[in-house]
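Assemble the whole structure, with the sequences as input and the hints as a guide.
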Amino acid sequence: LFGGKGPELTVFLPADTRIALEADLREGGMELELGGLWLVAADLRFERGGVVIEVDEPMREPMERLSFHGSMGGFATASLGNASPAVLEVDFSMGGMNLDLTGAWRRDAVITVRSSMGGGAIHLPDDVSIEGLKDAPPAPPGSPEVPRPVLRFTDSSRLDDIEIRAPRR
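Residue numbers (our numbering): 801 to 969.
Hints are computed from structural coordinates only; laboratory data are not their basis. Glycine included, each C-beta is placed from N, C-alpha and C at the ideal position. Accuracy of the hints is not assured; some may be wrong.
Stated by the list, open to error - Now the in silico label distances, taken between C-beta atoms and shown as ranges: (1) R906 to K934: 24 to 34 Å; (2) E808 to E931: 34 to 44 Å; (3) S929 to E808: 34 to 44 Å; (4) E857 to E808: 21 to 31 Å; (5) V852 to V887: 19 to 29 Å; (6) S929 to N898: 16 to 26 Å; (7) S929 to E827: 34 to 44 Å.
As the list claims (entries may be wrong) - Subject to a maximum C-alpha distance of 25 Å in a straight line, what follows is the list of computed SDA-like cross-link-like pairs (lysine to any residue): (8) K934 to L924; (9) K934 to A886; (10) K934 to I964; (11) K934 to M917; (12) K934 to R907.
As structure tokens, then:
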């Protein structure tokens with residue numbers, strides 16, 4: 801009561817097994833460290849709780865899809881570029897978000913962020929091209945032999961309460 805620690809479940813996943821993850825959380829918290837896994841897809845849903853997702857090292861293979869659907873809570877991510885999902889979908893309401901897209905992007909991505917009655921920040925990565933985002937910085941100069949990944953944002957008109965944080969160059 802009043803700040804005590806509740807029940808806790810720790811799950812270790814094998815890094816050499818192809819996995820699709822679905823999580824549905826109600827009234828609680830979840831912390832995920834996904835670095836190094838062979839995770840092809842993840843669908844994370846939460847209500848009245850908080851979620852923290854970190855990808856501290858590149859995954860075995862880039863993800864096909866990563867989606868977050870949340871309400872009445874907040875979520876934070878770190879280094880999602882290390883997951884390099886081809887499709888990233890974020891849909892949340894009545895809460896805050898900290899969407900960190902930094903990390904080593906290995907492929908193009910289509911990113912959709914929808915929010916209502918909440919605010920937050922999107923941290924843009926270095927060494928990628930950004931399309932469909934009003935306040936995106938220009939891509940840094942690169943090599944024509946090695947094309948940089950392109951992050952294509954859709955539905956960016958719904959990002960009024962979201963701060964776009966450009967990479968430090």
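Honestly, which of those hints from before does the structure not fit?
none
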